[in-house]
Amino acid sequence: MKILVADDNDNDRLVLRYLVESRGHEFIAATDGLEAIHAASVAKPDLVISDVLMPCMDGFQFLMALKQDAALSSIPFIFYSAVYRGWQDVRLAVSLGADGYIIKPKEPLELWEEVEQVMAKAKEKPRVSGPVAEDVERLREYSRVVAAKLEEKVSELERALAERGSSEAALRESEEKYRNIFEDSFDGLFITSPAGKILDMNKRCVAMFGYDTKEEMLRLDLERDVYAYPPDRARILAVVDAHGDAEYEVIVRKKSGEEMIAQCALTAVKNENGLITSYRGIIRDITERRSLEAELLNMEDGWRRRVGHELHDGLGQLLSGLSFMSVSLEDRLAEQSTTQPATLAIAHEMTELLDKAKAEMKAIVTGFAPEVSSGTGLVSLLGVLSSRCRSLFGAECFLTAQSDLPDMPPVTVSHLCRIAQEAVTNAVRHGKAGNIHISAGMSDGNFDLCVDDDGSGFGGNIDTAPGMGLKIMRYRARMIGAELSICDSRFGGARILCRLPAGRIRPVASLAEEPGA
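The numbering of the sequence shown is my numbering, which starts it at 4 and goes up by one.
Source of the hints: derived by calculation from the structure; they are not laboratory data.
Predicted model only: the values in this text are computed from it and were never measured.
Glycine residues also receive a C-beta, built at the ideal position from the N, C-alpha and C atoms.
One or more hints might be untrue.
Straight line, CA to CA, 25 Å or less: simulated SDA-like cross-link-like pairs of lysine to any residue [claimed, not checked]:
(1) Lys5 x Val97
(2) Lys200 x Asp288
(3) Lys257 x Arg481
Quick list of simulated restraints, FRET-style, between CB atoms [unchecked claim]:
(4) Glu29 x Phe494: 36 to 42 Å
(5) Glu127 x Arg222: 49 to 55 Å
(6) Glu113 x Lys200: 34 to 40 Å
Taking the hints into account, I'd like the entire structure generated from these sequences.
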């Protein structure tokens, strides 16, 4: 859910940002009503939370402008502000179309509960198309009161600064609210420096990594002590620095040395000059979830192997027996002088058909359950896939592979082989390709498995593609620490590239058992 927050107070916006993002929602910020109107027109938020007292355009004027825009009038609107004329402000807000008025200040958890209650009631509340004349007059009166209150607040602030230094107290109060949100989050929250040092993290993050205190983790170096594969950090920061944020999965190391699969969201924090001063992130431990997914995938592969073996040992033996009997029958008929040529031709045709059935069944078994064991090389399996491509898929397939590829464990070979097989199948079924090129080799410290075709190409991306084939390919790539990408092929169709860094040529963090183990 996208939530637009309009508030000119930096500290209040910061508190609301952490509150919104910690619940998994997208945060959109505005410092006054004019900025908020523009943001709403562009982002089309699912909820607006606004202060009342703001420069340029205050909250009530912002609400009126929103309700007069047909494209934005149905967006639920909640005021989160102090009241200056008691319940008159609340009644005016509701009469102008607000769904609720939450009075500042509120503790974060209490505030979110009230937001959810207002949202629930808003679903049943009829919408008003715009303010009535009486409301406009009351809004003029309200503007005069606001102006007076602003002067009063300025005077109060000057007296407070001179007498008690109340700004420091207000800052401490705001920091305490922020710290409560930060520490009470169900997800791990962290802040790091561009140099790779941990600046801050909450209790959940410390516990997730198995450390006893935050101070232990503040002494760590991210690349050396946290990332299981240190080059990952530079790769991730390149994306964040270019786009401002990124979501990704990465393997990290706990205090015990155990590896953990983490799902992260990282945002770059910049100063007024546009320079990155720190990175703010959210982290979740998804090791168990990925392990269960890998187990399900391995179960599917095991099922494929069992079916393949049963086809080979059952139907294969039966076809072999029938073929032998057909040859014997053909020989006996040929020896008899009374046998008609037509009968002999039928017997010969039966023998040929049985031989073709055996060959077809062997090709299906090979494609359905390729044997991957400790000694079976990827190039050998790709060669089998390439040589049987015509009988399996009805297309020509060419293989180019380096002879000195590094040794890979069976689990890596299995996933790469399945990715290639799925890519070839997609090229034929969806791209209507007649020629397919498979290449495997090392390039710039990476192992690249590439499948090119001359079909109709591929539109869109993996996330929006229909069906499960491309998603499973990407999942298999992620299981071995590789990345999957799709682009146009030099042959006119699509290119599917699976790139595996050389340092990651091993089972994913030893978290997933090898197929069949």
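We went through each hint and held it up to the structure:
no.	hint	in the structure
1	Lys5 x Val97	22 Å, holds
2	Lys200 x Asp288	21 Å, holds
3	Lys257 x Arg481	20 Å, holds
4	Glu29 x Phe494: 36 to 42 Å	40 Å, holds
5	Glu127 x Arg222: 49 to 55 Å	54 Å, holds
6	Glu113 x Lys200: 34 to 40 Å	35 Å, holds
The structure fails none of the hints (numbered hints given earlier).
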